[in-house]
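So the chains spell out like this:
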Amino acid sequence: MSNQQQLDDLIAEHNSELTPRRDLWRGVEAAIAHAEQRKADSKQVPVHRQPGAWAIAAGVVLAVTMITTNIWSPVNTEVPATAQLVDVLNTHQQQQREQLLVSYQQSSYEPSATAEAELTKLRDAGDALSKALQEDPQNQALLEMLRWVHEQELMLLQSELKSETRWQQL
Amino acid sequence: MVAQVIAAHERFLDDDSPLVERAKAGDMQAFQQLFQRHQKRVFGLVYRLCNDTSYAEDLAQEVFVQVWHKLQSFRGESKFSTWLHTVATRVAIGELRKQQRWFRRVRLQFADETVPEQSVDAPADLGELDKHIQRLPEKTRWVFVLHALEGLRHDEIAEQLNIAVGTSKAQFHRARGLLEEWLSNE
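Sequence order for the protein chains is A and B.
When we follow UniProt numbering, the leftmost residue of the first sequence carries the number 1, and every step to the right adds one.
When we follow UniProt numbering, the leftmost residue of the second sequence carries the number 1, and every step to the right adds one.
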């Protein structure tokens, strides 16, 4: 059989359906409910008189708690990105960074010029993503990328610290 | 006149119509049934466009959220599934473009024309053809998926991807060439 015919056969036999690994409906339902709630909130009923206000507040507190305890993962999230979540991510990142920098100071270590340049690039990327998320707070891809950039920064700091500790031990 | 007759016929044949009408009236259960009917197809489409399972799952969710919000604008001139797939393609391509812009801006590695590595977390029910499609360069893959698998015409692809019709045809030709070559090497 020619390759052309083989390819045509594969296209003809092709099944367009694929099964996602996780339940997608819960996230869809939550996002729709969240949007509907925001629409209702925008009608300017005083906050304390809104029946769902306490539920929303509790939801935000829960999301924030989950983020700060590293339980929350953007891949599995059902909660739409918001400016508050970005702030929390950035604050959490700042705390982690400071903890690592304290360790650096204790070991009298200064990052190499290459590492410093990489760290600056990653921080600039984080800032740019945070700004973009202010304009487009529902964008899950941007939020995921911000988290990825944060992780890269911490990983780089940690690997630099480990390598310095090894040198000191030698 | 002919187009109107075809549209009316499609509406008549569209099994989704009753559910769509209920969903348009705000019935979330009806919308959930539509979701259950079409989620695998939508996920299949966005997965093949983005080549990443987690991201495709997020995109598929985004598609259905947008469909819910746009439902009022669906006037039933085509089958619901046709309209749904147009929305899915637009959402997926739009999000992938945003992601590309950001990758470029933060200067992370993103070589548009390189052949990507095989995804490690691919869906379990991938077919033989999918395993080859995953290896295609991104834009070549988009055109191949939309034309060969989703049945879009080159002028429709050109409009959705904002490229020339000739470019779409050339990318499709390139995709076929690569796929045939890989099949011959098996």
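It is possible that part of the hints are untrue.
As the list claims (entries may be wrong) - Computed spacing ranges between beta-carbons, pair by pair:
(1) B/Ala25 / A/Met155: 48 to 58 Å
(2) B/Asp155 / A/Asp9: 40 to 50 Å
(3) B/Asn185 / A/Ala83: 45 to 55 Å
(4) B/Ala170 / A/Asp9: 22 to 32 Å
(5) A/Glu116 / B/Asp155: 19 to 29 Å
Because the hints were derived from the structure by calculation, they are not lab data.
Yeah, the Cβ is synthetic: ideal placement off N, Cα and C, and Gly gets one too.
Hints and how they fare:
no., hint, in the structure
1, B/Ala25 / A/Met155: 48 to 58 Å, "holds, 50 Å"
2, B/Asp155 / A/Asp9: 40 to 50 Å, "violated, 27 Å"
3, B/Asn185 / A/Ala83: 45 to 55 Å, "holds, 51 Å"
4, B/Ala170 / A/Asp9: 22 to 32 Å, "holds, 24 Å"
5, A/Glu116 / B/Asp155: 19 to 29 Å, "violated, 51 Å"
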